[in-house]
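**Student:** All chains, please: the whole structure from these sequences, using the hints.
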Amino acid sequence: MEILSNFFTFQKIFQIGGIVFSFLFIVLTLQMYSNVTEVGKIVRTKRNGGFRTISFVLVIISIVLFVLGFVIL
Amino acid sequence: MLQLQESHSAFHGICVKPGIQFENQGDDEEVLMSLRAHPVTLVPTFFNTIVLLFIIFISGFIFGQFLKPLQLIYTLIFFYFVTFIYLWFQIVNWYFNIGIITNKQVVDVDFSALSYRDVTRTELSHIEDITVKVSGFLSSIFDFGNVFIQTAGTETNTEFLNVPHPARAAHIIQDILKEYGNTQ
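As they're listed, the protein sequences go chains A and B. Residue numbering for the first sequence follows numbering that gives the first Met the number 0, starting at 0 and increasing by one per position. Residue numbering for the second sequence follows numbering that gives the first Met the number 0, starting at 0 and increasing by one per position.
Hints are not guaranteed to be accurate.
Only part of the chain A face toward chain B is listed, based on derived beta-carbon distances under 8 angstroms [claimed, not checked]:
1) Leu-29
2) Gln-30
3) Glu-37
4) Val-38
5) Val-42
6) Arg-43
7) Ile-60
8) Phe-69
9) Ile-71
10) Leu-72
Hints were generated in silico from the structure; no laboratory data involved. Every residue gets a Cβ at the ideal spot worked out from N, C-alpha and C, and that includes glycine.
**Tutor:** See the structure below:
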């Protein structure tokens with residue numbers, strides 16, 4: 000019981016939740032980047048490069064947030 | 000001979016001779032028009048984003064009592080990032096949900112940043128009817144609506160939703176059909 004009560008403290012739930020959610024966002028942004036890249040091959044416009052670059056930056060930010068989650072949380 | 004002048008209106012919602020290309024485009028195929036949803040359809044997204052930013056700002060004061068300063072900063076940055084992702088998804092969905100009308104076919108690209116992309120092609124010679132439907136208060140004010148392209152037989156019908164100036168779009172498509180529709 001003591002182990003369980005230690006595990007379910009606000010801080011622990013916050014840490015686990017933060018890491019799980021930040022990992023999910025890596026998957027989400029990667030999926031978006033892949034879809035934007037694929038649709039960019041179907042429809043080629045002048046702004047495709049910009050959309051792909053911003054999507055890539057979002058993937059990088061989500062990875063950085065995931066790593067920071069381990070350090071800070 | 001159909002004379003179309005290059006034009007871009009409603010934030011590239013309706014473009015004549017847009018200068019874009021697409022997959023499997025023929026050598027003698029020219030993109031004559033592209034259609035996207037009216038930018039005003041993004042207004043609810045921007046409104047939601049502002050509300051979310053405000054909620055995150057307020058929750059910073061509430062959760063600040065339970066969290067360490069570094070944890071609070073991380074959490075706030077994380078949720079601001081989530082909000083930006085939401086906004087970005089909607090913009091990407093708007094931009095890549097595009098209808099393309101060429102001198103040979105109509106291409107409808109349905110796209111979702113997360114789950115799917117669907118490309119429907121219809122040859123001009125298979126088009127039977129073009130219908131415009133404008134309904135609702137905002138649609139009337141900002142002049143946007145749906146353009147339905149009906150095809151013969153069991154082929155999939157194409158629909159362009161919430162496009163700006165739908166009557167003008169349908170008129171241009173009909174002109175393109177008259178010029179190129181029977182030359183297949």
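**Student:** Each hint should be assessed against the structure and marked as holding or not.
**Tutor:** Checked hints:
1. Leu-29: violated (11 angstroms)
2. Gln-30: holds (6 angstroms)
3. Glu-37: holds (7 angstroms)
4. Val-38: holds (5 angstroms)
5. Val-42: At 5 angstroms from the nearest chain B Cβ, Val-42/A passes the 8 angstroms test, so the hint holds.
6. Arg-43: holds (4 angstroms)
7. Ile-60: Check passed: Cβ of Ile-60/A comes within 6 angstroms of chain B, closer than 8 angstroms.
8. Phe-69: violated (11 angstroms)
9. Ile-71: holds (5 angstroms)
10. Leu-72: holds (6 angstroms)
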